[in-house]
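K.L.:
All residue numbers for the sequence shown refer to numbering that gives the first Met the number 0, where the first residue is 0 and numbers rise by one.
By construction, these hints were calculated from the structure, which means they are not laboratory data.
Careful, some of the hints might be misleading.
Said to hold, decoys possible - Derived Cβ-Cβ restraints for the label pairs, each shown as a range:
id: 1; residue 1: A20; residue 2: A79; range: 14 to 24 Å
id: 2; residue 1: A31; residue 2: P88; range: 35 to 45 Å
id: 3; residue 1: A71; residue 2: P5; range: 32 to 42 Å
id: 4; residue 1: G30; residue 2: P88; range: 32 to 42 Å
id: 5; residue 1: D45; residue 2: T72; range: 31 to 41 Å
id: 6; residue 1: K77; residue 2: S34; range: 17 to 27 Å
id: 7; residue 1: A83; residue 2: A48; range: 13 to 23 Å
For clarity, every value in this text was computed on a predicted model and none was experimentally measured.
Beta carbons: idealized from backbone N, C-alpha and C, even for Gly.
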Amino acid sequence: MRPERPMSEAWHLQAHALAEALKAEGRIDPGAFSSALSTALTQMPDDDAGYWTAYLATLERLTAPVPGLDPATVATRKAAWEDAYRRTPHGRPVTLEA
0 MRPERPMSEA
10 WHLQAHALAE
20 ALKAEGRIDP
30 GAFSSALSTA
40 LTQMPDDDAG
50 YWTAYLATLE
60 RLTAPVPGLD
70 PATVATRKAA
80 WEDAYRRTPH
90 GRPVTLEA
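With these hints in hand, go ahead and build the complete structure from the sequences.
P.N.:
Given below as structure tokens:
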């Protein structure tokens with residue numbers, strides 16, 4: 000399924016590919032994703048940035064309740080990713096230590 004907005008940044012494609020893979024594996028219900036995205040979009044500006052922010056928030060929300068996945072660990076990992084992203088020079092791949 001193609002997203003409604005163009006994928007102008009690499010992370011847009013990555014988020015979309017991840018969502019599609021999770022749906023194909025049965026880890027996310029496609030109807031639940033569509034419904035949650037529609038709801039999230041009502042809270043965002045009607046532009047590309049708002050769409051992709053809502054898309055990512057929907058993906059995070061639907062993958063958060065994974066059994067055995069500690070929310071504190073997720074928050075720590077997310078903060079580490081954001082830090083690595085900010086420190087990475089433009090055009091270079093972001094690396095995150097294990």
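K.L.:
Kindly confirm whether 13 to 23 Å is satisfied by the beta carbon distance between A83 and A48.
P.N.:
21 Å, holds
K.L.:
Just tell me: holds or violated, for the beta carbon distance of D45 and T72 against 31 to 41 Å?
P.N.:
Roughly 34 Å apart at Cβ, these two residues keep to the hinted range, so it holds.
K.L.:
Could you check the hint for me, namely that A31 and P88 are 35 to 45 Å apart, CB to CB?
P.N.:
Holds - the Cβ-Cβ distance for A31 and P88, about 38 Å, lies within 35 to 45 Å.
K.L.:
Please test the hint of 32 to 42 Å on the beta carbon pair from G30 and P88.
P.N.:
41 Å, holds
K.L.:
So the hint says 32 to 42 Å: do the beta-carbon atoms of A71 and P5 match that?
P.N.:
35 Å, holds
K.L.:
Holds or violated: the 14 to 24 Å window for the beta-carbon distance between A20 and A79?
P.N.:
Since A20 and A79 have Cβ atoms about 23 Å apart, the given range 14 to 24 Å holds.
K.L.:
Determine whether the Cβ-Cβ distance between K77 and S34 falls within the hinted range of 17 to 27 Å.
P.N.:
24 Å, holds
Checked against the numbered hints given earlier, this structure breaks none of them.
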